[in-house]
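Participant: From these two lone chains plus the hints, build me the complex, please.
Listed below, chain by chain, are the residues.
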Amino acid sequence: MTPDLRIWKDVQRGQAFEIEVDGLPVVAYEGETVAAALMAAGIRTTNRTAGGDEPRGICCGIGLCYGCTMVIDGVPNTRTCQTLAQPGMRLETQKGLQRWEVAD
Amino acid sequence: MGGGRLKNPELIIIGAGPAGIAAAVEAARAGVTVKILDENPKPGGRIYGQLNDGFKLLNPGFLSPDYEKGKVLLAEFNTIRAKIDYLQDSLVFAIFENRIMAFHQAGKGQRLAFNKLVLATGAYDRPVPFPGWTLPGVLTAGGAQTLVKMQRVLPGKNILFAGTGPLQLVVANQVLDGGGKVEAILEAGEINNWLKLLKGFSRNWGLLTDGLQYMRSIRKAGVPLLRRHMILEARGDRQVEEAVIAEVDKDWRAIDKTRRILKVDTICLGYGLVPSVELTRLVGCQHRYAPDLGGWIPTRNEDMETSVPGVFAVGDGAGVAGSAMAMLEGRIAGISTAQSLGYISSEESRKRKKPYLNDMKKLGRLRDALDRISYPRPGLFELAHDDTIICRCEELTLGDIKSAIDNGTIEMNALKRMTRMGMGRCQGRMCAPAVQEIIARQTQTPAAEIEYLNQRPPTKLVAIDVLESLPGEFEIRHGW
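Just so you know, the protein sequences line up as chains A and B, in that order.
First residue of the first sequence? That's 5 in my numbering, and the numbers climb one at a time after it.
First residue of the second sequence? That's 1095 in my numbering, and the numbers climb one at a time after it.
Be aware that a few hints might be false.
Stated by the list, open to error - Partner residues aside, some chain B positions facing chain A, computed with beta carbon under 7 angstroms: (1) N1102; (2) D1147; (3) Y1161; (4) L1233; (5) R1246; (6) R1332; (7) Q1380; (8) Y1383.
As the list claims (entries may be wrong) - Residues from chain A shown here face chain B by an in silico Cβ test under 10 angstroms; the list is partial: (9) W12; (10) K13; (11) V15; (12) Q16; (13) A44; (14) G61; (15) G65; (16) C69; (17) G78; (18) R83; (19) Q86; (20) G92; (21) Q102; (22) W104.
Stated by the list, open to error - Straight-line distance between alpha carbons at most 20 angstroms, and here's what the computed SDA-like set of lysine to any residue pairs gives: (23) A:K13 to B:G1273; (24) B:K1251 to A:T87; (25) B:K1251 to A:Q90; (26) B:K1251 to A:V30; (27) B:K1202 to A:P80; (28) B:K1136 to A:T49; (29) B:K1136 to A:Q90; (30) B:K1275 to A:P80; (31) B:K1150 to A:T49; (32) B:K1202 to A:T87; (33) A:K13 to B:K1202.
Derived by calculation from the structure, the hints in this document are not laboratory data.
C-beta atoms are modelled at their ideal positions from N, C-alpha and C, and glycine is treated no differently.
This is chain B alone, in the form it adopts within the complex (with noise of 0.2 angstroms):
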């Protein structure tokens, strides 16, 4: 577990990814004492996450070029973890009145008061529904990616990447190299584009000339990658057998004619990620509709401090813009709460500040372009017929939520307490970003102005042993 036992941390911080790491690192080379709370087993997050115990690392070939950048930033955290409380294994799932919190390790429940919070908590692949997506066989290219990368395990036999953007070509250039057979690659939007784009920036960033040897190991495999083309549908009587795909116009619908079928036992889906907002909603920060970033996140100031005082939001959780940037929100989060709490001048607080906003400023130009390149098209939306499953938990489809929004039900929390939408066991995450766009197209409203679903505790399933551990009591909040 390592770290000193701190009674009191000053800075709590929630999630050990890129940008709470950095956020830890900064705070406590000021002197700030600081406690991390980590649901993984080892820090590092999705992106710079270890190997399990058991496992022995030979070649860190397929781990890069992540493995590199993780490594220097895990070995910073290393030279400062000594004034660190790390607690991997810690769930936070509430967080109540009166700053207090919730979290379980080893199936014990434990409260904890905060100050500073930072709330690192990443994201999410899209979830997309359109027909067969509920099918086993179905992943999402980041669920791929834990399994080939963090398990070293291929997710089927014939796998078909299906999506958009850099992501699904990391995922099946890591399936070949481990051995397995990628079908084929789809991109719904315009590679030559983003290629072009990528080309412009590589030569002051090396981030993305790893995505152009990406494409030529692809190539070189004989891996079709088709440009402008979406999966349409997963057939298979109890798993994946086929899917169907087709040519898609600029808007990502399918051109009726060129469908077709492909042979395959796995669909890897990669259209970006969502922000995982759960904490920042409990602890009741204001949030924003910003779908370029991923949909809901909260809003901040230049400290990466929410509208709640003294909790700040980093990284992809606070808006998707990839591990770089969240390492560098992470920092200024961190140099802030320092001087907030007085272990460092505000003179001091720019100094270090200075070369983290110079270098973001860079980031923000290069995430500006690809945004406009693989931001999600209408078409995207549409996919679902009447009889598919939206919400995977309650088992509603949508031509259920169609009908309560003909007859009425017009808000998400409104069609949650009526079709229980949302109120299963992943509270919401796999169906209310759907659910926003189809409300949006019902009710023919802006999907900015479609409130999103209140985020009540526990945010994921908690044992009643875990609740029954938990010492002393806890005020809800209003509006729960």
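Same shape as in the complex, but just chain A (with noise of 0.2 angstroms):
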């Protein structure tokens, strides 16, 4: 197996996909959150603080301290604990509160 973070023992993982972090390619499986995909491949810093530039990641893992947050396909703020991964999902490490990008 891939030599990631995943553990493979007594479950069997669904359909594989890539998913856009900064540009870059990564792995997830079907019914992984973002936070899951993106510590198994060791990426762990999703934003950088708006006052300090400092780096912050995954940290209560359930959705409440909002220190995983990053821009999904757009969206500022997205908790990737709380949030599935998709086929073709874009992620960029957020800086700050960052801008949400409406279209048009």
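Facilitator: Dropping the structure here:
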């Protein structure tokens, strides 16, 4: 199996697909949260803070600390631990609270 | 989505962990029309949660012992599921005046009037600020468990566990079982004490024999289990690279000459749980400070009813006591609502409650004993330095908070207005428990006398188009 942090024991994963993180491809599997796919790939910094420009990442893992937020398909402040990975999803490391880019 | 389409449910339950499910089962069995709003995609909550679609479970071994207990309750739930309207992925973010709440599901805001309400909102890992705790690679033990158990991903390569009590042993075990590497487990308290205790109780209660098994396999894996040790600092450039640890005294204060450094890339913190009281606060329940139950909890009568008539609170969200207790409390609340709605007589209600009340009594004794041993000691709240971030969202340091206090802002809600502490995306969940202790220390006031943060909607981030899609008008409660 791929040398990532996934555990293959006792479960069978679904379909593999790619998501895009800051322009680079990352593998995810059906049923995985974005956070899990990132952690598996060793990607830990999901955003940098507005004030101190400090790196932050997954902390509580249950959707309440907002440490793991990223810009997902253009929507900032999206919790990666509460968002299922979808084929073709585009993620960006968030900077501060970031602007919501609204189409047209 | 399942469940019947019930127009006006008589009982609304928020949360579908052991407490919420048990309440639903008892109420529905008596004939009450029940609607459950669950933030998660499947019933079970954190502890009995089921794997997402896409995963196929081949062997449930790594999920035990919770899995088996959860299976029994979920099976009971399934037998009566047709009578329960279960809404998944539904986040209640506001409760307004006149018993109206707002929630959203699939990006659409909805309003819902309630009569009887059971809040079963659960708990989360106690946030403990110390230098470096905001670095990527520092996770809560619960967060690490969710990754390992529900997503089958290891939280890192070289993992340090630091905290107190049995949860971190459980998670460390799940990491080892998954082929991960645990560098060490630090227990701030005295392991021997609670081991003795577990032995004493496990004869009657299968509950904690599991704990002993975990200890054995941890030992077998050669993982050092260091009692009276704590983490003092996480260091690293862009993520965790090392941890400073030390032996601590009985008040959990570091013994300086015992400091040393461990090379790790991941730190999992398990210092117990804090009840999620956002909704009991929003609905206006009276709360009391009970550090042995995790902090602020709603006051309740023996029916699990809060100070707001018809509003019940059950499970860890009403005082951290574990899943077995949560289930029993849920059952009591479910029966109570059935009685108050006239479905069963008070005599029948008493009869149905009796076995559960007996079990609660037995569990209570175990809890009391455990609390005395893993109750946080003062040193836990003295780890932060002046430049340590306390409020992660607004990036406020201990120094910022202390200087505001020194300038006379000694109430938490005033502190919030003054500094923006607790105003960010997490709405104070990650800082308020610590700030309460900081104020207590700076002003030499008992923590119990420090008023907690007021809760205002939304309790979690809500997109503006969700708010726009909410039908009707809402009346804001006094005191907001």
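Participant: In ascending order, which of the hints set out earlier in this document are inconsistent with the structure?
Facilitator: 1, 3, 7, 8, 17, 20, 21, 24, 25, 28, 30, 31, 33
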